[in-house]
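Novice: Just need the whole structure built from these sequences, with the hints factored in.
Chains as they are written, first to last, in this note's numbering: chain L, 36 to 147; chain R, 42 to 470.
It is possible that some hints are incorrect.
As the list claims (entries may be wrong) - Here are some, though not all, of the chain L residues that point toward chain R, as calculated from beta-carbon distances under 8 Å: (1) Glu79; (2) Tyr81; (3) Arg82; (4) Gly83; (5) Gln84; (6) Tyr86.
Bear in mind the hints are in silico, worked out from the structure with no lab data behind them.
Bear in mind the structure is a predicted one, so any value in this text is a computation, not a measurement.
Every residue gets a Cβ at the ideal spot worked out from N, C-alpha and C, and that includes glycine.
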Amino acid sequence: MKKIEAVIQPFKLDDVREALKGIGIDGMTIYDVRGHGRQKGHKEVYRGQEYEVDLLPKVKLEAIVPNDRVDETVNAIVESARTGKIGDGKVFISDVGTAIRIRNSERDDEAL
Amino acid sequence: MRKSIIFSLTLLAMLGMPALAAAQDGIDTGDNAWILTSSALVLLMTGPGLALFYGGLVRKKNILGTMMQSFAMMALMTMLWALYGYSLSFAGGNAFIGGLDHLFLAGVGTEPNGTIPHLTFMVFQLMFAIITPALITGAFAERMKFSAMLVFMALWATVVYFPMVHMVWGGGFLSGDGVIPTLDFAGGTVVHISSGVSALVVAMYLGKRKGYPSETMRPHNLALAFIGACLLWVGWFGFNAGSALAADGLAAAAFVNTHFAASAAVVGWLVVEWLRDGKPSILGGITGAVAGLVAVTPASGFVGPMDSIIIGLVAGMVCYYFVAVLKAKLGYDDSLDAFGVHGIGGTVGALLTGVFAREAVGGAPGLLESNAMQFVNNGLGALLTWALAAVATIIILKIVDAIIGVRVSDTDEITGLDLTQHGEEAYQL
Numbered sequence: 036m037k038k039i040e041a042v043i044q045p046f047k048l049d050d051v052r053e054a055l056k057g058i059g060i061d062g063m064t065i066y067d068v069r070g071h072g073r074q075k076g077h078k079e080v081y082r083g084q085e086y087e088v089d090l091l092p093k094v095k096l097e098a099i100v101p102n103d104r105v106d107e108t109v110n111a112i113v114e115s116a117r118t119g120k121i122g123d124g125k126v127f128i129s130d131v132g133t134a135i136r137i138r139n140s141e142r143d144d145e146a147l
Numbered sequence: 042m043r044k045s046i047i048f049s050l051t052l053l054a055m056l057g058m059p060a061l062a063a064a065q066d067g068i069d070t071g072d073n074a075w076i077l078t079s080s081a082l083v084l085l086m087t088g089p090g091l092a093l094f095y096g097g098l099v100r101k102k103n104i105l106g107t108m109m110q111s112f113a114m115m116a117l118m119t120m121l122w123a124l125y126g127y128s129l130s131f132a133g134g135n136a137f138i139g140g141l142d143h144l145f146l147a148g149v150g151t152e153p154n155g156t157i158p159h160l161t162f163m164v165f166q167l168m169f170a171i172i173t174p175a176l177i178t179g180a181f182a183e184r185m186k187f188s189a190m191l192v193f194m195a196l197w198a199t200v201v202y203f204p205m206v207h208m209v210w211g212g213g214f215l216s217g218d219g220v221i222p223t224l225d226f227a228g229g230t231v232v233h234i235s236s237g238v239s240a241l242v243v244a245m246y247l248g249k250r251k252g253y254p255s256e257t258m259r260p261h262n263l264a265l266a267f268i269g270a271c272l273l274w275v276g277w278f279g280f281n282a283g284s285a286l287a288a289d290g291l292a293a294a295a296f297v298n299t300h301f302a303a304s305a306a307v308v309g310w311l312v313v314e315w316l317r318d319g320k321p322s323i324l325g326g327i328t329g330a331v332a333g334l335v336a337v338t339p340a341s342g343f344v345g346p347m348d349s350i351i352i353g354l355v356a357g358m359v360c361y362y363f364v365a366v367l368k369a370k371l372g373y374d375d376s377l378d379a380f381g382v383h384g385i386g387g388t389v390g391a392l393l394t395g396v397f398a399r400e401a402v403g404g405a406p407g408l409l410e411s412n413a414m415q416f417v418n419n420g421l422g423a424l425l426t427w428a429l430a431a432v433a434t435i436i437i438l439k440i441v442d443a444i445i446g447v448r449v450s451d452t453d454e455i456t457g458l459d460l461t462q463h464g465e466e467a468y469q470l
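Specialist: If you want it as structure tokens, here you go:
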């Protein structure tokens, strides 16, 4: 099993969910997050005082998938979240040891 | 038997009616209705108006503490006003302060005072005594102890506000018959210069907020501030047009002037901001509106509508310069710009009232009608208000600081006023 974490533009969330649904990935967790990579922040001015705002709102999507589904999942996310502009986000993939469904204690791939 | 009792009661009532009418003689019901309405409008300026305006501008850990500072004035000033404040403001007295004839509101009943009941006059003026100290809270936002704030405000009202009211409106030496007749229709000196200058002194005495100006201290909810400012605008019709103390042509003039100056000041502020900072902001627009409302306050019953537009434009631009440019250079932390808007806007208004006053509107000519003395008198009135507010505020602060300390501890300031002063949080997230 792998954990796929994708930090994406908030307005791309619906497109990504549609794409994942299209390939049969139903389980995911979504977070509202703030952060920045290479994308520069912006300037805000309040009564003449300037503030640099470099933590920008993003959405983080987390999905755990069986090893044989990693590539198509990542492709779906990358294709649907892309605008081609700076700030589109990143995808991280890591190993997951065990998964357990709380309702009936099914384990690992069964539990996904 | 029963019938005859009813008959006699009816007869008594009929006989009593002319007597009742006689007691109301001299009272104009239209005037009374408008001033009671205006009183409610002026209260609306403090809560929710000012509380939302200031509350939206602070960081989210301080919104309740900030709102409570305004709200507490609604309770505290009402008590003081009823016990002795009204008397020290309007009961006879000398050139500087009123007498004790109306202590505990003695002699203040439904009898006419002008064309309205004395009680109506008293309660209308009370609403001004509530908002004036509340305006100061913008300068020391996010760092003053609630207890110290209460004591400070009680002393400030007693030493600065009540005497100011008496001097300008209660027959003192700055009023129409006084040595230096200052034209102040609704409170340019009494309300805005006094509170604005005191605000600057408190901000300087307390020192900067921790982390100012290097840390980000953006307003946490501009939508709340927007609602508050718009409520201030609406309430200001009661403040200025109500100050005619009648539902007459003068009230209409003040109403129109108030609205025109506010609109013009929005234009003035936004034009300068757009040119200098690149974007016209909501915060700029609403701050400009308040600056215009402040500046037209002393002028509203003395000038024409076109004069008000000029006053508003000037106030919007000058206050922008003070708040956005000069404040950073001077280095004081007037957190929500109580001085930049009320002190400066009030001074601009006091001076321009002396310039634009028209005999045809309020019965007093100004500089443009070849009465330079009025300009001088208004300048002197403003100067004296600056002096009284500054000196008295320093003394009061020293006293309160010595007794209970004026500033919250560093850890309380970091945690926020909501939790440390009131044990509550506004946002459960």
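Novice: None of the hints should be skipped; say for each whether it holds.
Specialist: Now for the hints, and whether the structure bears them out:
no.	hint	in the structure
1	Glu79	7 Å, holds
2	Tyr81	6 Å, holds
3	Arg82	5 Å, holds
4	Gly83	2 Å, holds
5	Gln84	7 Å, holds
6	Tyr86	5 Å, holds
Every hint, counting from the list given before, is met by this structure.
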